[in-house]
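Undergrad: So you can see what is in the structure, the chains are spelled out below.
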Amino acid sequence: MEFFGLFNYWVFIFLMMAGFYLLLSARNLVKKIVGLNLFQTSVFVFYVSAGKVTGGTVPIQQEGITSYSNPLPHVLILTAIVVGVASTALGLSLILKIKDTYGTMEEDEIDSLDVAT
Amino acid sequence: MIEQHAIALVVVVPLLAAPLCVLTGRGRWAWTVATAAVWSSFALALHLVQRVLSEGPITYAMGGWQPPVGIEFRLDAAGALVMLVITGIATIVAPYARKSVEREVDDFRQHRFYACLLLCLCGLLGMTITADAFNLFVFLEISSLSTYALVAMGRDRRAFTAAFRYLLIGTVGATFYLLGIGFLYILTGTLNMADMAERLVQPAWDGEGLVHQTRTARAAFAFLTVGLSMKIAIWPLHLWLPNVYAYAPSAVSAFLSATATKVAVLVLLRMFYTVDGLAAPFSTLPVADTLVPLAIIGALGTSILAIYQDDLKRALAYSSVAQVGYIVLGIGLASTAGLSASLLHLFNHALMKGALFCAMGCIVYRVGSTRINAVRGVGRSMPWTTAALLLGGLSLIGVPLTAGFTSKWALVSAILEQERWFTAALMLVSSLLAIIYVGRIIGIVLLSKRPRGAPQVGEAPAWMVAPTLVLALLNLYFGIASDTSSELALRAAQALEEVAR
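Those sequence lines, one after another, are chains A and B.
Per this note's numbering, the first sequence starts with residue 1, numbered consecutively.
Per this note's numbering, the second sequence starts with residue 1001, numbered consecutively.
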């Protein structure tokens, strides 16, 4: 029971490790950014699922409702998503620049080009 | 009114000036706006520091929402020390940037350069004064994102790859921080640091022990430590740093090397002393056992690497990792003397690396590169730059009468106070290595002859030389009048420990 009771954490751990592995192992820079995105999103999922209160409703004040989910983690994650979008955009534009100057976006080819000069 | 809101204004002024810089659309005007903003920020910071030292910590409820629900800004002596370093260095680098940026950054990009510099300043200042853990994450990302953009504006194409790698590592670090804060939020239900500290020492929900003894809390602090270590560049998480400092524009190298890692150190201290302070993390968590060996290995290993670099800026960057090792070593000692020595070294290292990287920028302005073959013998035709290089270098080694000596002396005394002879010996070895790499830099720039056929160079413009010399002379000033800085560092250490006890 314990395993299924905590399934949101298992999802988060799997997503996080998958993203981190991709980030570390991929040689292609765009794949690295995808891995980074997955990694960040897993933490967002973790926050959002942590705000859920069992049996709670949407956090809008209404008569007769006493139990509602915690809205604060959701608001925090809205900010974090904006930050995530900004870093993804910056990362992709850096890849464009790298592709322009090096003519490739494979990490090992970039490294060998740098060693050559 | 300004007095009441000064603590918010010190962050808001650079934040609002940044879009203004973009709107000017011209490099020169953007520089004027940026310099005015940085200087007014410095004036506000001086006022705040003086108030903190005479009256004690200042708190400010952002937007009138009272903490712990609202976001709180809080400045204590430790924050004041770091704020003084950030705004002070920015004030000196701002006039320096004018000529340096004209030479190193494309015309159409200069106004954006200043906008990013202001955003970076805003983020760093925000990190020093916020008392809200999530707000700190936002400021961390403001400063990081603008730093990636600033680094990518370097002349060399390797600036792009350096910025990209920094983006990957920096974002992973920040996400680890976010995750750690998430764990703590789940445990305590608050984001205000002081509030968190109180709730961490209450009984845990399962009735066994206190909240901070749970595995979740330990995991949270593990994530926070690793995440912030990436930002601080503690060995072995420093791999992003050498290329970033080496290929960023000179003004950015000077500003970042003096400020960015220092602020991350302060945040790490906040996590241990403010958030986990009531739980005495240094006796309940293996903090010291983790930090001290890493700091020592880092200080030794990167000092050796610094000796073998072909590029002088890269050598200085490796030396930065070694110096960060000293700062972390002081924290790992977990004593008042160690902490204040560490904070003093933080202050002094900003001065010496600021001066050295500024001097490198002057050389880049004339020669276009800091590779050994290009800079051989330029020192004779650039006397003022070389003087600054010499002063900064001596301070880096820790020669008496320079700032570097006072902090290294304090650090060694703090180590010997605990009778860790071996650690002290290793630290001295690492200082000897500093003599070698600084000596090598001086030897190449000053003592060796300019190769035949190499273009003759003159002194860099006064706009650049004057700030460089000011930084270099500050090394001398704080070496002789070391009471001021030592006193400030001690007050900062006590302010941090006051919460912890």
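Please note: incorrect hints may appear among the correct ones.
Unchecked claim - Straight-line Cα separation of at most 25 Å, SDA-like style, residue types lysine to any residue; simulated pairs: (1) A:Lys97 with B:Arg1026; (2) A:Lys31 with B:Val1226; (3) A:Lys99 with B:Arg1158; (4) B:Lys1099 with B:Val1211; (5) A:Lys52 with B:Thr1216; (6) A:Lys97 with A:Leu6.
Just so you know, the hints here were simulated from the structure itself, not pulled from any lab data.
Just so it is clear, the structure is predicted and the values come from calculations on it, not from any experiment.
Undergrad: Now tell me if each hint is right for this structure.
TA: Hints, verified against the model:
Pair hint lysine 97 of chain A plus arginine 1026 of chain B holds up; C-alpha atoms about 23 Å apart against a cutoff of 25 Å. Distance hint between lysine 31 of chain A and valine 1226 of chain B is fulfilled; the C-alpha atoms sit about 24 Å from each other, no more than 25 Å. Note on lysine 99 of chain A and arginine 1158 of chain B: the hinted pairing holds, with a Cα-Cα distance of about 12 Å set against a maximum of 25 Å. At roughly 55 Å between alpha-carbon atoms, lysine 1099 of chain B and valine 1211 of chain B are farther apart than 25 Å, so this suggested pair is violated.
Using a Cα cut-off of 25 Å, the hinted pair lysine 52 of chain A and threonine 1216 of chain B holds, with the two alpha carbons roughly 18 Å apart. For the hint linking lysine 97 of chain A to leucine 6 of chain A, the alpha-carbon distance of about 43 Å lies beyond 25 Å, and the restraint is violated.
The structure fails hints 4 and 6 (numbered hints given earlier, in ascending order).
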